[in-house]
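In order, the protein sequences belong to chains R and H.
As numbered in the numbering used here, residues 1 to 313 make up the first sequence, in order.
As numbered in the numbering used here, residues 1 to 253 make up the second sequence, in order.
Don't read these hints as lab results, they were simulated from the structure.
For every residue, glycine included, the Cβ atom is placed at its ideal position computed from N, Cα and C.
Short, incomplete list of chain H residues facing chain R, as computed with Cβ under 8 Å:
(1) V74
(2) K97
(3) A102
(4) D187
Far from chain H, by Cβ distances over 12 Å, these chain R residues were calculated:
(5) Q68
(6) G77
(7) F79
(8) R90
(9) L92
(10) P178
(11) V207
(12) S219
(13) K221
(14) I222
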Amino acid sequence: MISVLRKKSGEGSRTSNGARTSLLGLALSFPPLLLVLIFVGIPILIGLTFSFGFTHGPNRVISLIGQQIHVKNHWWGTFAAYSDVIHDSRFLGDLGLTIFVTALSTFLVIVMALAISIYQRLIGGKRASILVTLSIIPLFVPVVISAWAIHTFYGGDGFMRSIFSHIGINFPTLTSTPSAIVIGSVWTALPFSILMISSGMQAIPDVLIEAARDCGAPSQKIITNILIPLAKTPIIIAMSFTAIGILGSFTIPLFLGPNQPTMLGVEISNFFSSYNRPQQSLVMAFIVFVAASGIAVSYVWSNVKSARESGRI
Amino acid sequence: MVIFILGPIVWLAVHAFASNWQYPNLYPTGLTLHWWSQVFLDSALASAMKNSLITSPIVVICSMIICLPAAYAVGRIKFWGRRAFMIGIFSANSFPKIGLFAAIATLYYSLNLMGTFVGVIIIQLLGTIIYMTWIPAAAFAAVPRSLEEAARDAGASKFTVFRTITLRMAMPGILVAIVMSFLAAFDEAQGTYLVGAPAIYTMPTEMYSLVQNYPIQVAAVFSLLLALPSVLLLGLARKHIMGGQLADGFQLK
Numbered sequence: 001m002i003s004v005l006r007k008k009s010g011e012g013s014r015t016s017n018g019a020r021t022s023l024l025g026l027a028l029s030f031p032p033l034l035l036v037l038i039f040v041g042i043p044i045l046i047g048l049t050f051s052f053g054f055t056h057g058p059n060r061v062i063s064l065i066g067q068q069i070h071v072k073n074h075w076w077g078t079f080a081a082y083s084d085v086i087h088d089s090r091f092l093g094d095l096g097l098t099i100f101v102t103a104l105s106t107f108l109v110i111v112m113a114l115a116i117s118i119y120q121r122l123i124g125g126k127r128a129s130i131l132v133t134l135s136i137i138p139l140f141v142p143v144v145i146s147a148w149a150i151h152t153f154y155g156g157d158g159f160m161r162s163i164f165s166h167i168g169i170n171f172p173t174l175t176s177t178p179s180a181i182v183i184g185s186v187w188t189a190l191p192f193s194i195l196m197i198s199s200g201m202q203a204i205p206d207v208l209i210e211a212a213r214d215c216g217a218p219s220q221k222i223i224t225n226i227l228i229p230l231a232k233t234p235i236i237i238a239m240s241f242t243a244i245g246i247l248g249s250f251t252i253p254l255f256l257g258p259n260q261p262t263m264l265g266v267e268i269s270n271f272f273s274s275y276n277r278p279q280q281s282l283v284m285a286f287i288v289f290v291a292a293s294g295i296a297v298s299y300v301w302s303n304v305k306s307a308r309e310s311g312r313i
Numbered sequence: 001m002v003i004f005i006l007g008p009i010v011w012l013a014v015h016a017f018a019s020n021w022q023y024p025n026l027y028p029t030g031l032t033l034h035w036w037s038q039v040f041l042d043s044a045l046a047s048a049m050k051n052s053l054i055t056s057p058i059v060v061i062c063s064m065i066i067c068l069p070a071a072y073a074v075g076r077i078k079f080w081g082r083r084a085f086m087i088g089i090f091s092a093n094s095f096p097k098i099g100l101f102a103a104i105a106t107l108y109y110s111l112n113l114m115g116t117f118v119g120v121i122i123i124q125l126l127g128t129i130i131y132m133t134w135i136p137a138a139a140f141a142a143v144p145r146s147l148e149e150a151a152r153d154a155g156a157s158k159f160t161v162f163r164t165i166t167l168r169m170a171m172p173g174i175l176v177a178i179v180m181s182f183l184a185a186f187d188e189a190q191g192t193y194l195v196g197a198p199a200i201y202t203m204p205t206e207m208y209s210l211v212q213n214y215p216i217q218v219a220a221v222f223s224l225l226l227a228l229p230s231v232l233l234l235g236l237a238r239k240h241i242m243g244g245q246l247a248d249g250f251q252l253k
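Chain H on its own, in the form it takes in the complex (with noise of 0.2 Å):
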């Protein structure tokens, strides 16, 4: 278990620092740095690096304006429809993403969308609003009624209550949605490679061309700084993730 999950992993990073690797042997001929001067002294892998930490926040961000006041009415009111909506959200999800983006691609035409920044974010969103209502929905469901009307009892304010109260309690299942969020975003190639192609290249789009035209080392220091985000997102969140956080929001209620 140990060699199949963590063994490909650990192949590529040695990868990112050996100056040379002769099959069969278990280790490099030398060890360097100099891939990664290379990886950040090129303008291109620099530019989509760049491209990748600008889109991937702000996709987040409008994924929260746009999904999380639905997640709380799908969470607390009951409204008619309510379900549908759900139901709705996730068969979007279940169209393979290729034929969706070959069909947005004449959308994109008619909108003068295609190669533009606006294009990307509204590709990379599409994959993220599943986690953004579906997650914070049933940590808005789970909290308690009572402790709300019990805070208004004791005369806070509606707001105060739903700050301290509501917001507070649903705010690990928000936090788990912002982090796979993110990483949907992050992690999003096909349709950015599409939509944004040849004008707009992140990090994911770059690491196809990558491991075409460059020496395997090279792709791999790229594929470690793209795993850097990651690697610090899942120190916030595992406890959350680990915590049924995940699991709950994937279980219509």
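Isolated chain R, as found in the complex (with noise of 0.2 Å):
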């Protein structure tokens, strides 16, 4: 409807100041593009830069302050920290419980988001208003103080061993495992899933439903042939900002994961400062950023592909 709008008005201007419009837009959006360019383009390039040992220029200050830094013997550089970084053991551990934990977290965040939005989808009322209300609510609190409240709750003298010690039960203590980091990545990543998920569900025109109703499908086949399909492209964006978030995340695992092994978040964080080798630092930031490229390359392949599907392109 918009892009029908859109075009017809278009049509007129086009012609004469198409070309100016065109620079416009340009001129317009160049203020925050610059900003990006100077604080997150050119440091990376430095950093790259620097992670393949090149030890001059911008980089000569952190060379010289940083212990282990490999200093480039060819033309291109060298791999020499990024094979210190994979021959590292204590990498190898924290890549595989990176992996795992935005692994688990974003399943967990995806299925209890999908089943939240059906619910309120199809039987709808006022406790599914309720339960998405509740859902949103970790938006609002910032980061630190989840990690801290989550902490005390599932801690030793927490809420959970409390109330299991007054039936009789030892519940096990999770903060510093890595069931704690699963716990506060699910709680905080819940709320943008939803708001994604179930607004897509309700986009969805109901005369779908009930003419599938009419001709007698269970809800289970409502749910598999005409909500999850129809809702794909929210799902997908929803999966890859909570998959990009958790990766990258730095908070949760640092108030709530074991200390050995943690995740690349806190390990990037714990080379730059407590070891003094920001060298292999950065590399392992290059790691994560290539891992999370590759799940955006997912999400904006899903936003092109509904927008060429519904004719927008």
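Build the complex: two chains, separate frames, hints provided.
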């Protein structure tokens, strides 16, 4: 509908001042682009050269301060810092934990968001809207607080252990285990996925669901053949944002996770400040970035595909 | 579900008023306001609160000035590189924050931004860009052109049309973007700590040391104070966020 309107109104002005509006668009979008280029693009590029052993120019100060710095021995640099990281047994443990936590948490978030959204779409009512509102609350709680609250709640003298000890069960202390990272990640990531998926489900026309019901389709068929396929794009968006967020998370694993192995977000910070090995720290950041980019591509691809299907491109 | 979501928050909130709490009791030994006075009388904590309340609004206003025109352009003008712009902003956001801050530190040293107010503002600004461009862009794109044309036909000036129709209809989306940006700025701890410490502490960075050095009740009081602005904003924007403004913003069009 919007795209149709846009096409109609665009036709009149396109011929004479198409180039001018195009320039205007570029000019208006320049400030945020500049900010991102200077403070994200350039640091990342400089960091990339540093990780390959370019220790001069902007990398001079950090090369003097840091320890175990590898200097390039070819014109293109050196892989020494990468090889350090890959052969570090601690890194492998961290990587395993990061992948495990990201995969499990993303899976749980999507399953919970799907369950709540489907419940709201098919059954609805007051209870469903209370459930959705409840799940949105973590969006408004600063991460430091959520991490700390979950830390005390599942800790040695926390609520979970207290209440179970009253009925004679020894509930395990979850704080400082991978389980606590998963709980914390799910807790903080749930609102975004619920918002994405439930709004996707609400946009599905009633007619489709009613028609299927009239033909005698059971709820399960409606869910697998109508609701999930039609909400595919928001589901993939929710999935990729959740996974990228958890992959690079820092506060949640710092407060809730074990000291060793820990997630890569924490290890990047440890290597940078505690161990003073900035080169290895940046290498890890690039490894996480490559993984996150892989997920980001699936997000962009899903968006472009859905835009093409609905005729927007 | 109620226990999973609310349990940790309530548990922490009760600690803020507890004089003493012994495992495995389900309620504290006594209630007190002692911890609250301790927080307000502690000069380090008070200055962290002041810093947070100054920086976050400045970050949001800067973000609006820098990003809203771009959001309008992306939403309304079909210019070359529009999609690449959106994807660029998104991919900048998917680099692990902690690694980015480590990389930014190098640049900050050479620009003399380490430990400065401007440095902290820029760090927090980076986290708001994606909200301030994507959500308003979708909101601007959704304003029906026919309404604007009708107003123009009825004799309204271009500026009046923009103010009374375009801006007003896009307002819920902009409001959601403001709320999300404020939360992102207010919440930002890792970068602020790396760049600001030891000169500038905000509430979240103070929280890191608080957790290690103070009794749990003080951290609980501080958490409640830290959550206060968010709760106020929740009341303000809940309707629009649940109404799909946030969700619309994250679908590339």
